[in-house]
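**Student:** Single-letter residue listing:
Protein chains: 2
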Amino acid sequence: MADVISALEAIVGQDHVLTDASDLMSRDLDGRGSVGHSRAFVRPADAGQIAEILRFAAAAELRVIPQGARTGLVGAGAADDSGKMILLGLDRLNAAPYIDPPNRTATVEAGVPLSVLNAAAAEHGLFFPIDLGADPSVGGMIAANTGGARFLRYGDVRRNVLGLDVVLADREGTSLKLGGALWKDNSGLDLKQMLIGSSGALGIVTRATLALQPLPAVTVTALIALGDARSSEDLLLVLEDGCGSLLTAFEGLSPAAYEAALNHVPRLRRPFTAGKAKYYVLVELSAGKAFNAEQLQEILGETLSPWFEREGGILDVAVDLGDALWAIRHAVPEGLRSLGHVIGCDIALRRGDVSEFRERVGAEILLAFPDLILCDFGHIGDGGLHFNMVWPRHCGTLPTGLAEQARLRVFAAVVEHYQGSFSAEHGIGPRNQTYYDRWTPREVQRLAGHIQSAFAPALFGRVRFGEENRHARNQR
Amino acid sequence: MADVISALEAIVGQDHVLTDASDLMSRDLDGRGSVGHSRAFVRPADAGQIAEILRFAAAAELRVIPQGARTGLVGAGAADDSGKMILLGLDRLNAAPYIDPPNRTATVEAGVPLSVLNAAAAEHGLFFPIDLGADPSVGGMIAANTGGARFLRYGDVRRNVLGLDVVLADREGTSLKLGGALWKDNSGLDLKQMLIGSSGALGIVTRATLALQPLPAVTVTALIALGDARSSEDLLLVLEDGCGSLLTAFEGLSPAAYEAALNHVPRLRRPFTAGKAKYYVLVELSAGKAFNAEQLQEILGETLSPWFEREGGILDVAVDLGDALWAIRHAVPEGLRSLGHVIGCDIALRRGDVSEFRERVGAEILLAFPDLILCDFGHIGDGGLHFNMVWPRHCGTLPTGLAEQARLRVFAAVVEHYQGSFSAEHGIGPRNQTYYDRWTPREVQRLAGHIQSAFAPALFGRVRFGEENRHARNQR
Numbered sequence: 001m002a003d004v005i006s007a008l009e010a011i012v013g014q015d016h017v018l019t020d021a022s023d024l025m026s027r028d029l030d031g032r033g034s035v036g037h038s039r040a041f042v043r044p045a046d047a048g049q050i051a052e053i054l055r056f057a058a059a060a061e062l063r064v065i066p067q068g069a070r071t072g073l074v075g076a077g078a079a080d081d082s083g084k085m086i087l088l089g090l091d092r093l094n095a096a097p098y099i100d101p102p103n104r105t106a107t108v109e110a111g112v113p114l115s116v117l118n119a120a121a122a123e124h125g126l127f128f129p130i131d132l133g134a135d136p137s138v139g140g141m142i143a144a145n146t147g148g149a150r151f152l153r154y155g156d157v158r159r160n161v162l163g164l165d166v167v168l169a170d171r172e173g174t175s176l177k178l179g180g181a182l183w184k185d186n187s188g189l190d191l192k193q194m195l196i197g198s199s200g201a202l203g204i205v206t207r208a209t210l211a212l213q214p215l216p217a218v219t220v221t222a223l224i225a226l227g228d229a230r231s232s233e234d235l236l237l238v239l240e241d242g243c244g245s246l247l248t249a250f251e252g253l254s255p256a257a258y259e260a261a262l263n264h265v266p267r268l269r270r271p272f273t274a275g276k277a278k279y280y281v282l283v284e285l286s287a288g289k290a291f292n293a294e295q296l297q298e299i300l301g302e303t304l305s306p307w308f309e310r311e312g313g314i315l316d317v318a319v320d321l322g323d324a325l326w327a328i329r330h331a332v333p334e335g336l337r338s339l340g341h342v343i344g345c346d347i348a349l350r351r352g353d354v355s356e357f358r359e360r361v362g363a364e365i366l367l368a369f370p371d372l373i374l375c376d377f378g379h380i381g382d383g384g385l386h387f388n389m390v391w392p393r394h395c396g397t398l399p400t401g402l403a404e405q406a407r408l409r410v411f412a413a414v415v416e417h418y419q420g421s422f423s424a425e426h427g428i429g430p431r432n433q434t435y436y437d438r439w440t441p442r443e444v445q446r447l448a449g450h451i452q453s454a455f456a457p458a459l460f461g462r463v464r465f466g467e468e469n470r471h472a473r474n475q476r
Numbered sequence: 001m002a003d004v005i006s007a008l009e010a011i012v013g014q015d016h017v018l019t020d021a022s023d024l025m026s027r028d029l030d031g032r033g034s035v036g037h038s039r040a041f042v043r044p045a046d047a048g049q050i051a052e053i054l055r056f057a058a059a060a061e062l063r064v065i066p067q068g069a070r071t072g073l074v075g076a077g078a079a080d081d082s083g084k085m086i087l088l089g090l091d092r093l094n095a096a097p098y099i100d101p102p103n104r105t106a107t108v109e110a111g112v113p114l115s116v117l118n119a120a121a122a123e124h125g126l127f128f129p130i131d132l133g134a135d136p137s138v139g140g141m142i143a144a145n146t147g148g149a150r151f152l153r154y155g156d157v158r159r160n161v162l163g164l165d166v167v168l169a170d171r172e173g174t175s176l177k178l179g180g181a182l183w184k185d186n187s188g189l190d191l192k193q194m195l196i197g198s199s200g201a202l203g204i205v206t207r208a209t210l211a212l213q214p215l216p217a218v219t220v221t222a223l224i225a226l227g228d229a230r231s232s233e234d235l236l237l238v239l240e241d242g243c244g245s246l247l248t249a250f251e252g253l254s255p256a257a258y259e260a261a262l263n264h265v266p267r268l269r270r271p272f273t274a275g276k277a278k279y280y281v282l283v284e285l286s287a288g289k290a291f292n293a294e295q296l297q298e299i300l301g302e303t304l305s306p307w308f309e310r311e312g313g314i315l316d317v318a319v320d321l322g323d324a325l326w327a328i329r330h331a332v333p334e335g336l337r338s339l340g341h342v343i344g345c346d347i348a349l350r351r352g353d354v355s356e357f358r359e360r361v362g363a364e365i366l367l368a369f370p371d372l373i374l375c376d377f378g379h380i381g382d383g384g385l386h387f388n389m390v391w392p393r394h395c396g397t398l399p400t401g402l403a404e405q406a407r408l409r410v411f412a413a414v415v416e417h418y419q420g421s422f423s424a425e426h427g428i429g430p431r432n433q434t435y436y437d438r439w440t441p442r443e444v445q446r447l448a449g450h451i452q453s454a455f456a457p458a459l460f461g462r463v464r465f466g467e468e469n470r471h472a473r474n475q476r
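Residue numbers (our numbering), protein chains in the order written: chain A, 1 to 476; chain B, 1 to 476.
Derived by calculation from the structure, the hints in this document are not laboratory data.
We treat Cβ as the ideally placed atom computed from N, Cα and C, and that holds for glycine.
Mixed in with the good hints, there may be bad ones.
Output of the computed footprint for chain A on chain B, the stretches with three or more beta carbons under 8 angstroms from beta carbons of chain A [said to hold, decoys possible]:
(1) 98-109
(2) 231-242
(3) 374-388
(4) 415-422
Can you build the whole structure from these sequences, using the hints too?
**Tutor:** In structure tokens, the structure reads:
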């Protein structure tokens, strides 16, 4: 063990290898809490040191786990309890982002937080259009292929990455440059796509070139209370038809999620008096400098006006030019945690299935687990739904196995009856590897395993995409 | 040979195997003319027959080349002269597209033409937003990852594919379903990305689920004559800043390309009298039902008005609500062919490099090849440039080797001095395989070769992405 530490110190310097339990405690967490226990936390300064660490780790039979800002929710960036894993912290790869305004791109190191990237881009009237509640590192966003609340207009990380610099987890620590600062390029297989959404199990992204978008000059949000949740699906189509590209978000909130935020997060203001709403929708329109707020409000008003008269239509609307309504939406996770123990399900459905799923599977869950509170919310404009359930405080300790049973029932319905996804935007990690194993066809696992082995023949990362990677892991 | 034919006939039926030279002649062409000579053209009815053909071909050591609508430009869908290649025509995979309006998706077979897909989508106010001059099949578009003229707003095919059904070129003809009708899905490695832009060399796409967009209700185009080509770069930024998502195209035309279209394509009307323009830009704004044409014209007018006074700014503008201005842009290839022998270069650059490249590399080309006419045009809003050169008719026969020399000089400048791409949107095929071999780093080729071997261990397709695939090919 002492040999391992001194070898790592020789690469990155003594100050950048942490081994004390007290130092490692915070590193062994992610956005959902404790995962396992790492043997050391190593902070390389650059891609060269990363390659050296990978070469050393391959020889020493240590498994390297790249770690970003620990905002992930599936445990992909944290160690297990084998005592054979070292965490590779990428926070020192944080040079100031290079913004290229004529090209509308940013070249940015993996350890840079999203907020820092966006502050640099904003100086040029630009932004990276992945909107998240958390503040992940760029490398973590790429490993997870995060989606967020403006997917409807801008897509996920994958759709906005132009180039990656990568160190492969092979015995040489091979460096590759995949893509570059080009919007359009078809000069070979697009290998960088395999790293995006790989949960950090194929290689280490050290730098990325990202597509930026013009920062909207004017934004209007509306929170809409609906008399019938199913109306949200028609409302989405009418807004897309009328407002086209101006529609930049369409979020849904169940009444329980909405009330949890407003009742438990004191800084929020209630936008209208509590009524008989069956569902809430947060709509955002954004536009460039050629528009002003009145024009957007007028467009929104005209598009919504027929919906006040309609059965199951609009009961109330609050309109806002700032972020007061977004604050309600973003406070939902905090509100749910105040309510009790949250059982999260990050699912994706065809957009037209969202309402039916909420009704049917919601009823099944309440029949099986009558004490749970259904608090779903999410990005229904793209079919992404955080089908979260809460075990309320007043019911005492969560019964053993209940969370797993409830989650399995939801996922089985999603995958087997709705051809949906059990991981819409959080990726794969130790927390959902078993669902991957269960629902990924053998032939797809076989191919994914080949690819993982080609990129990362050394022991590396927390996820195994195929049988052969499982084997490599069990050998340890 | 007779055995091969009867085996294929036993799979697809006698009517669907063509072997006569006269029948094969048109099949051995692509969008740029003759490629080679296939041994047979086989038309399977479905994925099951495709798997049978692949199994038979693997046993018989025949190489299978999938072929779409023959609009490709790099020869990836045509046979060579080895006599060992059979063409797999996918035109019978043409069931009516299934449009899912609430989900805004289409599920469509590989042989369906883009025009048929868009006609079906239009009935629901939707479209597949890849805008091309040609009418390729859906499968061909996926294999080439086509871009087109509205990339700026909607991206390429890759950004709009949600799911693929694939038959792998292994000895079993394994069928895989990769992704589905979900906008958001992060439940494993996104393997379908490897098929997109694979030039049909990794497997056969039989069906795809595609993201659709709301059909704009109103569109305004403007053709702008500029006093200085460099102004186009600032104009792009001002339009993006002002019009945001309403800007759906920003195309550039050199004076020679513009005049070639207008002088040689009789159906076109000249939008303004010939002047001293140094460059032309075609701008498109589109919006949903909440807008009308006057509003878009007003926004465009206000954004452009300061540019009339400016040095090097706007000399003339023509505005159109129909497709008269697009007709000029789309007629450029035809105009160039009337001028002489076209030497095409489908390159991509950082957007901010386009004007400098045109000036600098253009001057170098004219110095080396004084008889060539520079007729570049293209999608400068995304850095895509058809840096086309014409050997004029009055100069007689094109000297041997001149086209290759000129192209190599352009590509070397693109790749080595501008970190650009020698294939922006046409993909890789026999016509540019040597450029791939030359400019793709060894380590990237090695990894791409591993991936090609994992998907397609049998003899398959026209492109080799790695050394091992080259070896397999040379063995034949």
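**Student:** Please go over all the hints and tell whether each is borne out by the structure.
**Tutor:** How the hints compare with the structure:
{"no.": "1", "hint": "98-109", "verdict": "holds (count 6)"}
{"no.": "2", "hint": "231-242", "verdict": "holds (count 5)"}
{"no.": "3", "hint": "374-388", "verdict": "holds (count 4)"}
{"no.": "4", "hint": "415-422", "verdict": "holds (count 4)"}
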